[in-house]
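Colleague: Now for the letters of each chain:
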Amino acid sequence: MLQFLVRRLLQAVGVLAVMSLLVFVGVFAIGNPVDVMIDPAASEAERQAAIVALGLDQPMWRQYLTFVGNALQGDMGKSFVYNQSASELILSRLPATFELAVMAMLIAVAIGLPMGLWAGLKPGSWADRLLMTISIFMFSLPTFWVGLLLIMGFAVTLGWLPSGGRGETRELFGVPFAFLTWDGFQHLLLPAFNLALFKLALVLRMVRGGVREQMTSDYVAFARAKGVSETRIVFKHVLRNIMLPVITVMGLEFGNILAFAVVTESIYAWPGMGKLLINAITVLDRPVIVAYLMITVFIFIVINLIVDLTYTLLDPRVRTGGAK
Amino acid sequence: MLLEIKNLEVVFPMRQGDLRVLHGIDLAVEKGEILGLVGESGSGKSVLSKAVMGLLAKPGRASGGEILFQGQDLLKADAKALRSLRGNRIAMIFQDPMATLNPVLRIDAQMLEAVQGHRKMPSAEARRLCIEALRKVGIPAPEERFLNYPHQLSGGMRQRIAIATALLNDPDLILADEATTALDVTIQAQILSEMKALCRESGTALVWVTHDLAVVSGIADRIAVMYAGRIVECGPTQEVLSRPKHPYTQGLLDSVPSAAQRGQDLRQIPGLMPSPSALPPGCAFNPRCLRAKEACRSNQPVMTQTPTGAFACFNPLSEGDRA
Ligand SMILES: Nc1ncnc2c1ncn2[C@@H]1O[C@H](COP(=O)(O)OP(=O)(O)O)[C@@H](O)[C@H]1O
Ligand SMILES: [Mg+2]
Chain B
815 MLQFLVRRLL QAVGVLAVMS LLVFVGVFAI GNPVDVMIDP AASEAERQAA
865 IVALGLDQPM WRQYLTFVGN ALQGDMGKSF VYNQSASELI LSRLPATFEL
915 AVMAMLIAVA IGLPMGLWAG LKPGSWADRL LMTISIFMFS LPTFWVGLLL
965 IMGFAVTLGW LPSGGRGETR ELFGVPFAFL TWDGFQHLLL PAFNLALFKL
1015 ALVLRMVRGG VREQMTSDYV AFARAKGVSE TRIVFKHVLR NIMLPVITVM
1065 GLEFGNILAF AVVTESIYAW PGMGKLLINA ITVLDRPVIV AYLMITVFIF
1115 IVINLIVDLT YTLLDPRVRT GGAK
Chain L
11 MLLEIKNLEV VFPMRQGDLR VLHGIDLAVE KGEILGLVGE SGSGKSVLSK
61 AVMGLLAKPG RASGGEILFQ GQDLLKADAK ALRSLRGNRI AMIFQDPMAT
111 LNPVLRIDAQ MLEAVQGHRK MPSAEARRLC IEALRKVGIP APEERFLNYP
161 HQLSGGMRQR IAIATALLND PDLILADEAT TALDVTIQAQ ILSEMKALCR
211 ESGTALVWVT HDLAVVSGIA DRIAVMYAGR IVECGPTQEV LSRPKHPYTQ
261 GLLDSVPSAA QRGQDLRQIP GLMPSPSALP PGCAFNPRCL RAKEACRSNQ
311 PVMTQTPTGA FACFNPLSEG DRA
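If you read the protein sequences in the order shown, they are chains B and L. Note that my numbering gives residue 1104 to position 290 of the first sequence, counting from 1, and the numbers run on in steps of one. Note that my numbering gives residue 292 to position 282 of the second sequence, counting from 1, and the numbers run on in steps of one.
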């Protein structure tokens, strides 16, 4: 176990190092921030002064080393635009994205799991075929298009839910969250649902496939032969077996949701990390872009680790060692 | 009579039409009796046992006949009544011990549900009952094994646990479908003799299903031989083993290793069992039968009663043939 953790930690450091290099080089290729940031009417002297002040006169490798040196001390540089620590800026937006992602995940599981069970227990029924068709749409329709459709439907036409923004927030452990107020919760629903659709289809299909496979397994036949009720077979025997892969995939998908909330956050003007990234890219706010990417990679690594550990805890075959 | 199967037909509806897998099965099991049900793979033994349990794989169903258990027709019983019989009055053990236990549930959960699904019993008492059953089937340190997960146990142990689970409610009948086939020979022999002793002790009837005639010869009171979805011969074990009437039974006997004379090759029955979708006209065994006559190729032989059993053959073996 300890050996496993150490190995994973070393891998993580390696991934971060490689990532930092890629990100740094990649961001340099986008363009020169000075052209975007400085008033075009500024004099050449002012322009030069700004370049020196931002450290952009240095050769790239030196800029990189400076960046790594600072990053190791937890300093990802200052935003060119906000003149504020880039990492603090991003972390201040993290709770918004985080609650959006968690809500999306909850919606995906809360709807996808029972639907998947229903479809899987009645293969070939009209319900099964209907759900499978719907899930294909969920997979293939572009998120931004569905997002706009949801706004049109629920915000503009019906007027049930707000079309954008985060609404009122309330602090929990000093961190503001929207879901704690009714207004904020209403603001959260549409973007979370939009973000959930793809995962919902994924859960639905995984659970359906799992149920169909497990229901014909020998242990289910034996449970039936013992006189165990179908309800107990589904919820105690089969569901446990299906939950392992579902939890694993959902855990990994959680990282994706965090990272790819960009589109949804933009459509719904949700003040999360993704929205910040889009703004940073348009003004070439390099430190913010770099810090965002590094933090995202870091979050991915942590989530993967948590998923692995959870799996170990949940699967008795892994937890208690091999056969005698 | 404990179990009486009368003229049972089982079909699997397919796109091309109904696939008939069991044809007019007649079989009876007396209280406390051990019956060996023998036949090559594909003869319909598993389908027959599952039909009795009401556990036919969809879309399979019994399309005719009766399955009378203690006088009650199981084919007419509703799902609730069947469930209260299963694991309680009739228990079943399956072939693959590695797959019959749920990998993510502990043994205690899987045994306790078999008790508590059928009778109200305080948890501590139910646990004692389970551990006692584990001890009876020869599991060392049953209190510890009881808290294990299946993967922590060997195949032999797991099959013993399945047997212990089947015994929990003192059933009147146990169906064991190839229950020792996946295990190695020594463990198979051990489990067979233990099983026989346990059933004798509790007066439980046992139907031991196997493709291996040698396995049942030591345990069964009576043997029923199946071929292509029919019972072709049945009778007391000694009678069937020493004076088989049906050429198929003789063929099975000849292919048992211990029956072969020294220096003589094992004689396998030539050819393969026909699939239910391509049965030959007449007796289903006729293309593989060395004794087949004209009648065998056109007519279906009916069961002929003998003083002790029955067989379905137009040209049965007689004393002269065996000499
Ligand atoms: N679910 C099913 N669908 C269609 N045919 C089946 C099914 N189960 C069994 N059969 C057919 O029934 C016949 C008997 O099978 P089975 O009872 O498993 O044989 P045995 O147990 O004697 O080896 C086989 O020919 C098989 O093809
Ligand atoms: Mg079988």
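Hints listed in this document are in silico derivations from the structure and should not be mistaken for laboratory results. Worth double-checking, as some hints may not be accurate.
Said to hold, decoys possible - Below 25 Å or equal to it, Euclidean Cα-Cα: the simulated PhoX-like pairs (lysine-lysine) are:
#1 L:Lys68 x L:Lys86
#2 L:Lys68 x B:Lys1050
#3 L:Lys41 x B:Lys936
#4 L:Lys16 x L:Lys90
#5 B:Lys1050 x L:Lys90
#6 L:Lys41 x L:Lys68
#7 L:Lys130 x L:Lys146
#8 B:Lys936 x L:Lys146
#9 L:Lys68 x B:Lys936
#10 L:Lys68 x L:Lys146
#11 B:Lys1050 x L:Lys86
These numbers were taken from a predicted model, which means no experiment stands behind them.
Colleague: Look at each hint and say if it fits the structure.
Modeller: Consistency of the hints with the structure:
1. L:Lys68 x L:Lys86: 17 Å, holds
2. L:Lys68 x B:Lys1050: 22 Å, holds
3. L:Lys41 x B:Lys936: 39 Å, violated
4. L:Lys16 x L:Lys90: 23 Å, holds
5. B:Lys1050 x L:Lys90: 19 Å, holds
6. L:Lys41 x L:Lys68: 30 Å, violated
7. L:Lys130 x L:Lys146: Between lysine 130 of chain L and lysine 146 of chain L the Cα gap is close to 23 Å, so the pair holds against 25 Å.
8. B:Lys936 x L:Lys146: Roughly 41 Å between the alpha carbons, so the hint for lysine 936 of chain B and lysine 146 of chain L is violated.
9. L:Lys68 x B:Lys936: Judged against 25 Å, a Cα distance of about 12 Å means the pair holds.
10. L:Lys68 x L:Lys146: Measuring from Cα to Cα gives roughly 36 Å; hence the hint is violated.
11. B:Lys1050 x L:Lys86: Distance ~29 Å between lysine 1050 of chain B and lysine 86 of chain L Cα, so the pair is violated.
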